[in-house]
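Participant: Residue numbers (our numbering), protein chains in the order written: chain C, 1 to 464; chain S, 1 to 868.
There's no promise every hint is true.
Here chain S is said to cover these stretches of chain C; the calculated rule only asks that three of the stretch's residues, wherever they fall, bring their Cβ under 8 Å from a Cβ of chain S [to be verified]:
#	region
1	92-103
2	187-197
Heads up, incomplete: computed chain S residues facing chain C, CB under 8 Å, no partners named [as the list claims (entries may be wrong)]:
#	residue
3	Arg107
4	Glu111
5	Asp341
6	Gly720
7	Phe790
8	Ala860
Since the hints were derived computationally from the structure, they do not count as laboratory data.
Note that beta-carbon positions come from the ideal geometry of N, C-alpha and C, so glycine has one too.
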Amino acid sequence: MSRPSPNELVPHAAPSRRDVLRSAAAGFGMVALAGLLGLQARGTSAAAGPVTTLAPRPPHALARAKRIIFLFMEGAMSAVDTFEYKPALQAWNGRPSPGGGKLVGSKFSFRQHGQTGSWVSELYPHVARHVDDLCFIRGLHTDTPAHPQAVIQLHTGARNASLTRPSLGSWLLYGLGSENEDLPGYVAINPAPNFGGAINYGNAFLPASFQGTRITDTGELPNLRAALPRDLQRSQLDLVQRFNRSFQASPVAPREIDGVIASAELAFRMQDTVPDLLDVSREPQSVLDAYGVKPGKEGSFARQCLMARRMSEAGVRFVEIRQPGWDHHNNLHKGLIENAAATDQPTAALLADLKQRGLLDDTLVLFGSEFGRLPTAQGEDGRDHNITGYPMWMAGGGVKRGFSYGGTDELGIHAVEGRMHTTDLHATLLALMGLDHERLTYNYAGRDFRLTDVAGNVIRELFA
Amino acid sequence: MLTPLLPTRLLLPLLLLSLAMLAPEMTQGEEAVDPAKLEFFERRIRPLLAGKCFNCHSAANKAAGGLRVDDRNGLLEGGKRGAAVVPGEPSTSLILKAVRHEAGAPRMPPEGGLETEEIADLERWITEGAVWPAVELSEGQGGWNADYEALRREHWAFRPVSPAATPTVSDVAWPRDDVDRFVLAALESQGIAPVADADRAALLRRLTADLTGLLPTPEQADAFVGDGAPGALESVVDALLASPAFGERWGRHWLDIARFGESTGSARNLPYPHAWRYRDWVIDAVNADLSYDRFLVEQIAGDLLPAADPAARERQLIATGFLAIGVKDVNQRFKVRFVMDNVDEQIDTMSRGILGLTVSCARCHDHKFDPVPATDYYALAGILTSTEQCAGVRNKMGGAGLDYYDASMLVVLAPVDEGTAAKIAIAKAEVEAAKAAFEQIRGKPEGLAKGENGRPIQQGYRQRWNRAQQEFERLSDPARTGKVAMGLRDAEKIGDTEIRVRGEAEQLGPVVPRGFPSAVEVPGAEPIDPAASGRLQLARWLAHSHNPLTARVYVNRVWQRLFGTGLVDTVDNFGVTGNAPSHPELLDRLAADFVADGWSTKRLVRRLVLSRTYGLSASSQERALAIDPANRLLWRHSPRRLDAEEIRDTMLAIAGRLDRSRPAEGPSRQLEVRELRNNGREIASILSFAKASAHRSVYLPLLRTVVPGALEAFDFADQGQVTGQRESTTVPAQALYLLNDPFVAKQSLVVAETLLDRPTGDDRERIASAFRLVLGRLPTSPEIDDVLAFLAAFEAQAPATPAPVAEAPVETVVTAPSAPDPNLDPDQVEQDSEKVVEELARPRDARSAAFAAFVQAMLASAEFRYLP
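Isolated chain S, as found in the complex (with noise of 0.2 Å):
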């Protein structure tokens, strides 16, 4: 023994501490287990296997080789040399083969072996069964209640929906749409009337930027103003709907839900290059008004579902990318760990997404608000983790370079050719012949003797085995030979999971059939396929006209994009602890009428833009105000502040520099699978891209914690989580960009010196101009003298010959050195500095530089930003 060589009174509190930090791990099956054999556990080999093994061997360490010796399944499982332990099977136990130094085998412990008693008692452990103690269930796990059974009764989201009757309402002349009926019914019941209808100007304005997410150009306004036509807004409405930027922006605000990123995130930050074609699915999926039930099931099962062709397999494949572009911890050390994080992630995704539920919660304990227990969350689990989640990444500790890269975990779309298959299997050859000769010289005289460079001659041996190595797995990557996206498949192993006391991955409780939430019923739902991962039957249950939530959800999340708040203002959460809904009634004629028509996103869209209610004007009035001063009610449209692309894609459209096309490349797609540090080289070349490029915002690298800075400044999605509505802050940092940033003075002198190029006409027609291009509107006359003065004591103050715009941005410092020794420790590289490069605005005089100015603070007033 070694211990009797330390301090005494060190041996009884650490052998004390060890124990108490073990937590029971897991059952044998069923049936009991003999006491004396648990006994036997706790008293000979618990304090053996922490005392020897855990250094190097626990969760609280660290799992040298993969394996884990702290709980039973992590014996089992074994590292990368197989089981460990194999109970009633000593002869092939590994740990036991390590700890008598066989042949074969690792000798462990490192330092030292095994009192021979030790041994003995290990092998009769291994013999008898290897028990551990069983855990048992928390109090918080205890499943369906009736406390339960009432809210799924009693709470009005889980109840079916039932679209009650139009009401009547007095003012029969002002509804267009029984939607505003409804509005209108609530206002009357308040004494409340709606105030006036928009102005051309404004409504098209409002549209179009609810629509497509740009702004009316002057003379798409004109043609709307002067069109008195009855149909007029219906043509104009159907266009919108039609134009690819609907998509763009509808496909945006799916993608908020969906927590789009293309990285990991998280503790390590590694790409997702494959990410942007979900990103694409979902815009062409929006612009081809894919049926809303259809759209989600494709996402969660799209890989399960017949295609009618090639090219709608791969579409639906990469549907799939929806649950595998999440946050990941790839430097989680133990797989289990990884996967139910991963499986949770989806959970959440896909509840409060899709169903405004927080069934994340139930993860650890039954859910304390929404009748959610814990039996129910690992129903779902038990569907996916039978499935795999292919985002080209696996988890490892302490990883370098292409550590955590996993090109088995991706979706084929399309396989290699002929010519590259070819490839591969010379390189294989290769590899063979390389390792064979290898094989053959190592540790021989003539392999060890030394060569011409002073070094063993087998070393040159090995090194063409190493190249012919990669370029096997060069070759092979599938992601670099043929066709890849980021998606889900079924996994080989189907089966239901085991609900995890208090959530903790290793913590086995009884296993829980794959099934739905209990709190939603829906009648007629597919039961699970127990011969597949049940991904299919989940996608068709969530999409089910009958669920009670999916549609609600849906219908509320269009309305919160037209009107600025949901009839549920929280709208990721319709469970108990969420608000109810200002206007029941309407939500549910709204749902139910979604349905009916074939879950059409554009024609619900087209609804409500069409309706009288969208159409009011955005004045406040006093006594509305002082009874409804939030507008539940509606009796105007709520202002809202442009968002983050909204603000960044009308200004390059006003420059005239807007692309709207669909960039075919993009930085992120060419990154390999390596970790990126925020302010690295491949992110100030990706943050130095965002800053040149003219396409939408849609489609700029999102890469997770780094986003372009033009979005972050106005409340960017959280590329986290679920984000149904975004903030709307007012925050100093969004005045120094407008006031500062030099792409926002790129686009003020890009306009202002087309003002100037113009060969007709005097300042105040241009002056008009820019009102009409920037703000939309005509200036007064007051306005026109005010920006002449203005413009004229610029001019005369600003120097001849004025600087840039804006002195060389610096976006910081330090980044990895340029050629990494490949021995060092990636975590102890500090770094240098490596900029963000941007082009700076020069005007060309002063003249232009105070027109220049002039624009610029357009840009930066509230009304460029805000819509009424």
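Okay, chain C solo, but in the shape it has when bound (with noise of 0.2 Å):
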């Protein structure tokens, strides 16, 4: 009987979980604003080593993309109404499914796009221009077929929504740290303030400089704006400082003081960065106009990409943004209108935009829900849930470019060719990332644990 290894981050150097936290100077654990970026720890003692926390690791492999802006489109959008096109779902529209109820073909028409041809629906002109550049992957499916469970199962992995594990977006900093210095590492824009909330880009177990960092769809985080005049505040940390260095030179002063004195820093320069990098006013008209930044509720969605171009193009290494309301049990014609109309130009300006500046090379866009709705009738005009088969897309960072991979049957309901389930995706997009799922590990209260517990497969076919 073996004892298992302690936490695997080959190749690089192992610290224990404790020694990484004692002598971290970095991360920015707190309840809206965490995740934050890390900086090297100075001075440790001989007892930690050369620690480093959030500072940039190298990958297990090479990766194909540094970077993932995951829009979610949380409630479960409608595949058959939007980029799965199913000529025998019309043909048999009206009449019964296998599985049960009624099937009911897209009141949307369908039409042909790019050189490769894909079928997109009239509810995404603006993307629809971009197939050529995606690439689907059609054969999706989850445990779950309820929202809560499933948003938290694909956001951290865990099957059982009562157990509280890392999120994606940590285990990648946690992984690879962060490429920005001043920029928090993770960021969650306006994320779900319910079916697990924080849990979603929580750290659970690992250590909190992991965490995600939670903004607003207007920009903001608490305590970022400085509480005096900057110059007054500048003065009372030189202050601060002045008090911090007298007590490292005592000989009672614990080794943290390198790191609370470089923090402290970090955070007084971030009071500048953030609010400079989440102020999208400061784009050009042209781009605001591409994107469709308007102020409230309806400019929501459009703020949130270009936030996420933002963020990525400054090196934050995961981004999530979010666009709720597709969860259609009724209302699903207007509701798709509105919903596509929210995110279909911003989503295709963010393609355009990340393209224009060489950033799509090495940034990965995923677009999908948590599962999919059925093409069966629910109700006058509504869909259920449907957990056995449903897409997403993904774009750039190492992914075939005009690919589709996998399918549901002529229905739409069952993934029957390159199934991939919520586990496998998580493998394969870690994998783009250059890490390899089953050494991503972290050894906590006596056992290993993965994003992908014991299981996922990498679906090489994506990769570029």
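Using the hints, put the two chains back together into the complex; each one sits in its own frame.
Facilitator: As structure tokens, then:
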């Protein structure tokens, strides 16, 4: 009976969890402002050895992408009305479905786009112009047809929602660190206030430095606004640092003081750097128009897309943005029109913008929901949940362009080809970032944990 | 048949998939099942159920009406209408009535009926006993084996506690207690000498913080430093132990272990409005120095113990909140999974918290490292499935409003008074009357006739019935009209439970007799009472003086609270993957003495803090640092950072604002059991309350995922699981909190203005007082000069009438509209903003602003939050 390995973060040195934390000089582990980016802890004692926290770390293998932007369509977007063209469904409109219920074809017309001739419905005319850059994964499936559990599983891999597990972004920060010292490494903009809430961007048992930072869709986060005029606060902080250095000189000073001094300076700088970055009004009007940025609720997703680009460009490892309201048990027709209108132009603008800046090569864009919807009718104008077959799409970051992997049956009910469980999606995302999901482990309470637990297949067919 | 209408390419894959998705479900007792019947099931019945019923009644979709047909137990237990299948009794099997469209049964499937042949198949299957293929135990659930046996014999933590003789030391003058002799012997073996003793001021600061979570006032420091009398240290320690603040700090330590939280957390966050009673019980028990064995027994089986008097009975019931307050996924669709997930959560809390063992790994397979087979897990699970966890909630899929609330799942402490009982009787009579009146008129011409409002007259009758029903429910809810707590009680159905294949709740393997983990041998433990849940025997087994883990794990926890690192530094893991103790003989000696001394926490703490080792200075020393950089040998006292509660409480105390009383009310007690959004109206009001509160932090509302910012910035405990040791991270959010949060500004300003309002003294004296108050020491002369220069420059630069020291903080957005439409799916409601309000600090003039900035700079310094 062998003992499990210590935290295996090959190929770099493997400091123990507590050592990492003791001399951590970085991270942003707070309710709304967490997952901040790291700096090197200097002058640590021999006990901890040279320890880094969020300093960039080399991946296990070739990193096809350096950062991820996840466009989360919360509530479960109907695929057969958007990106899944199912002629059989149209033909069998009104007939009984094999699993029960009555089949209902889409009321939206589809046509082919681009060189690849991919079918997209009229709901997504702007995104349709980018189909040749998209990599569709059409055979996804998951375990629980209820939003709260499925949202938690999508974000943390936990099949049992009563187990709190680290989120995908936290695992990425743990594995890779971040690329920018003055910014959060992991940002969740406008995250769901329910369905697990903070669990979905939480670090669980990983160090607090790997927690996601929650930012509103207007770019707010608490305690970031300086309480004093800047020059006064600078002189106050100078006094703090003089206190710190004289304490450091005493024989009883703990070794963490270096980290305290450095992280206070980082915090001070962040008061400028973070708001600047989140201030989309600094963009030229042409860019604002391209995304469709406007104030208020209507412009929420456009603002989020633009903030996501600005943060990715600045080196934020993982940004998640969110469009809620896809849970169309009723009001399917109007609801789809509204939600597609809110997301189509900004999503397309984000793709174009990333491409134009050369960022799409190493930024992976992921678009989709926690599960899908059935092709059958629910009530007058609705569709019920479907966990047995649904799509997402990716773009950029080392995935094939104009590619489609897997698929559901003719009606869009079950994934029948290229089936990919949520866990396979996670394993693949980590692989695209250069991390081996079986080696990215964290020892906690006597056991090595993984994002993918005991499962997960990397779908290499997607790789460019 | 409907299927021929479908594209032919579709049919086969669908069918295969349906079969593939279905793992075999369960056995029917031990007798062999006729293979022909099984084949009939696979050929005729499973495809029928999959094709016609799974869309609404299966794990992959939903359990409409509470019914699942993809699982034999699901059919046997049935949904809201009762059993769907009674094996051997087709005439009473509801599923047959439903597919035959008989009166009084739901018409199933809703779209069209089954073929006559299909109905006949179903009837034959039920008549023949409703056979379902048996499941096989996976290879990973093989039970006790030779490797396990070897581990039980060899792993140090499973061996009986065996205190060694006190070692001899060269420096016989140094030790004060045997604790010191064990420590010194290890140091001498490495050629290290301990550093000097801490000075009295530092020792008092350390003691006061460790024992009460507060810092000494300048007056207390003066008194202690000036008191050279023998026994002065003992007197101070005894006073600290006797202070209610001791229970507030050490009770909080236990609440970390107990993963205390005032809501369900998980997928839908619902409040636990009665969790505070358990919190207060813990604090009171620690203050009363309830012996640790009794402390455990009351928490696990207080309801099953005899009680000396009604007050003791009430306390014992409240104590059982320990296992009820965990994370729960109320949105779990299937009750069996809800139950088994909750059982798992309780096993994890008990086993890691009390035994330092991760038993929950064995839910799905035999433990890979520790000698814990799955059979042991289900032996414990049987005790908990025979127990009801009363948390006031039930599971339901996609519920809204009060759907998840279950008043019957609460522990009633005091029955309703006579007046209320009479009101309940009247309300009940009104329900009956209103119901009868409605039934009388319903569907009749006079009921269907339009009333004045243009609606059928019977609607008014229906509304009267609804109102009466609501009033009856309101009155008969013990949480409203009586006194309730969260806790445990034995279930009506007592019995052993089945091993679950691969941990899946529905996959029943053989039944395992209730019992205790085999790895832990406890000579003299009582066997499980077959007529009860067995919790009482479990509690006594855990708290048994011969249990090799319980006392070791606990004294190690106490040691870690006082010395920073446990003798076993993996405090929650004494298993094979945990680390070995740095001082095994000392650990065993402490464990044995602790048990012999009546499991008294206070006497254990007293002994440790009076040791010479505890009183060492935190000074580093080059040679020792080179040999033992982590200070595992204890050649000095390791400095530590104040924890989240200490930082907040101390700031309030320094400002003279700390309210040391226990709050009589709290906003989390007023909540209805409805889903909370982490930035909805209720949460905004709770966070606002937390910001305004001046009570000790242990009393702040602590709903899961909505921890007050002042605590979360400084590594507050994970409320989802046992936290034996909190982290101590250094992150920029801490500096931003200390520099910008209005709470910190407010306390700084109060201190500053109090100093400025002193009628006598100059600024040098004011600065000196501030140093003593915040940092517990006098400033050096250069420090005073430095601060004077800072104040002058700040005052000159600051505007004459300073703005509030912080802009209005925005703790963000989104909450439900004030009057939610009851017909709206709550998950589809997007929300509008709701702000967390907070009082801002407003300095009266530039001088006050400058002094406040100086005080705040001290609060933001490392010296304030690190304790040598």
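Participant: Run every hint past the structure and note whether it holds.
Facilitator: Status of each hint after checking the structure:
1. 92-103: This one holds; 9 residues, not fewer than the three required, reach chain S with a Cβ under 8 Å.
2. 187-197: Answer holds; 5 residues pass the 8 Å Cβ test.
3. Arg107: violated, 14 Å
4. Glu111: Holds, about 6 Å.
5. Asp341: holds, 5 Å
6. Gly720: With Cβ-Cβ at 4 Å, under 8 Å, it holds.
7. Phe790: Holds - the Cβ of Phe790(S) comes within 8 Å of chain C, reaching about 5 Å at its closest.
8. Ala860: holds, 5 Å
The structure is inconsistent with hint 3 alone, although it conforms to all the rest.
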